[in-house]
Amino acid sequence: MKKTIFALFAVLILATSVQAVNTNTVSRVVAGNLSTVKQEARQTELTIAEQQKEIQQESATLKKSIAGKKKEFQTLKAQYEALLAEEKKLKDELAEQAHELKTIDGAIRTSAKQAGDYFNESLTTPDHPERLPVLEAILKPNIFPGMESIKQLLNLYLDEMYTGGEIVHKNSEFIAKDGQARNGETIRIGTFTTVFRTPDGELGFLRPDSGGGGLTAVAGKPGWMLSRTINDFFDGKSNLFPVDISNGAALQRLAQTQKSFTEWLAAGGILVWPILLVGLIAALIIIERFISLSRIRANSGKNMGRIIELVSGGKWSECREFCLQKSSFPTCRVINHTLKYAGTSKEILENAFQEGLLKELPLLERFLPTLNVLAAVAPLLGLLGTVTGMINTFQIITIYGTGDPRMMSGGISEALVTTQLGLAVAVPIMLLHHILDRRVDKIVGDMEEKGASIAVALMKKEPATEKGTVYGDAA
Amino acid sequence: MLHNLLEKWFFHIQNGGEIIIPIFLLSIIMWTLIFIKISFFLRVKKSENTAKYVGWQREIHSQYQQQRSSNAELNKKTLDSIQSAQQAKSMRYIRTIMVLAALAPLLGLLGTVTGMISTFDVIAISGTGNARALASGISEALITTQSGLIAAVPGMLFGSILYSRANKLSKRIEIFCIGLQHGTTSEE
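Order-wise, the sequence lines are chains G and D.
No gaps in the numbering here: position 252 of the first sequence is 252 in my numbering, and each next residue is one more.
No gaps in the numbering here: position 155 of the second sequence is 155 in my numbering, and each next residue is one more.
Here chain G stands alone, though its shape is the one from the complex (with noise of 0.2 Å):
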């Protein structure tokens, strides 16, 4: 546009400067030169205007185009972002849904470990040893237990119910206390108690492996009266039979209690000895003061009446041989050691009847004394052990804390064993020396009731003591 003005421009000079050289050719030429220029000028100007319209055209369609793509472009972008958000949202929607899946997983893992402890421990999977297999299966890492799983689970445990309803009578293989596998008859109560019976007669109860496939014997055996009972059951004569509703602890608690008498002599420690040392002493003087004494007899009544009668007869050597016939009565031998000095004078008689009765009383009352001393002698010794194994175990509290009752509690139990022995000694000795004190008082209360009434005898027989010696002398 510019060149074609620049263009007219020129051509507008130079027809000036023609015109300068001949103005009326130039006139005309440049008339002429006019027109064209003019119509040129004009046409450019028509182009012009058309180029500018088309211009204006194109410019109108571009702008309505952005238009367009402005309009399309916001619409992408809505629906980016609404899909954006929608996937966020089911994101959530998954993890929610995982972790659900995860809860469920972990129930069914733990319920299943549970049931493994508990059938672990059930005296009914040894009879089905099915159970296991099925248990480790849902167990297995990386897969998912479903609903089969669950059914599975909830079956062993309906199954559990129904064995633990029933009683079983049979011949099982187990592993007998030596750790031998052994053949025997077994019971089982439901799934509280299993007895086995072997064949010859050996009785005991079975736990289950840890293992869950087989059966144990219980260290320690039932007392003969459980034994009976479990024998009688066995061979159909009763239906009692013992029940171990603790699921074996009481079992195991029963094989650790069973202690030997040794062992819980061996468990009171070095004082055991001197207490049984003491007991030992005590019953061999009560043996003996038994003996001895039961040998004296108290009620020398019915011989009374005849050495009186002797006595007031005056027939003192027969007297005498009586007495010494019937020696085993003390009275009688006092008697006897009186009858020595018949005739002598009243004080002479009397001091004679006291020394028998001196002689005779430490024979009746010989180790009561002791037996006494022993009695009290036997607890303090107990007691004396009893502290000795108290210092013992605060020496190992000192060393390991109070941490573990068990340690201590070990210690106590064997402190007091000695306490115990020392009473179980004294208060039967106490007793039996009562009952000897008692025997001894009855025959020196006889001694002193009869050798009273002898003297009165002889002293009846006063008037005549001359007379009498005089007979006695010639008999």
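Using C-beta positions, here's what the derived DEER-type ranges look like:
(1) D/Phe10 to G/Leu277: 38 to 44 Å
(2) D/Ile38 to G/Asn231: 46 to 52 Å
(3) G/Val373 to D/Ser39: 35 to 41 Å
(4) G/Leu280 to D/His182: 53 to 59 Å
(5) G/Gly164 to D/Ile38: 58 to 64 Å
(6) G/Val373 to D/His182: 43 to 49 Å
(7) G/Glu121 to D/Leu2: 44 to 50 Å
(8) G/Ile435 to D/Lys89: 15 to 21 Å
(9) G/Ile435 to D/Lys168: 25 to 31 Å
(10) D/Phe35 to G/Leu226: 37 to 43 Å
(11) D/Trp9 to G/Leu277: 35 to 41 Å
Derived by calculation from the structure, the hints in this document are not laboratory data.
None of these values were measured; they are calculated from a predicted model.
Backbone N, C-alpha and C define an ideal beta-carbon position, used for all residues, glycine too.
For chain G, the structure is supplied; the task is to place chain D on it using the hints.
This is chain D only, laid out in the frame that chain G set:
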């Protein structure tokens, strides 16, 4: 009431372990002796209130009349022997009752120690977690002590009461004998 009491007793005997049995026997023997003694004293008292001559007085008197002689010193001796026999009769069983009453708490203590041993054995095996296992030993321990004391306290009480009664009776016997002696000597 009685039924409940019996039930309680059986419960105790069941839970008290082996030691409860000797305690039970001991208390039965002790109570039998106590009743024998009480009825003896009651009879004495009753006859003292009603009759002119009480049983023991008549006994002493008749024995004395049988054995007496002219010698005064002899008579004294005779009377002494009769008196000591009567006194022994009034004192009979009382020492036994007291010994049994003294033995009962010892047996209770023995049961306590036994129960404690079993308790500590349980602790040694299962720790302090299992309270139920501990409880049986403790209840054995306490029930035996309780039973021992229950047996001992009335035994001691009755023992001392009966002892003082017997003491008084023997004093009366002594006084009676002295009186008898005086009476007879003054007669002569």
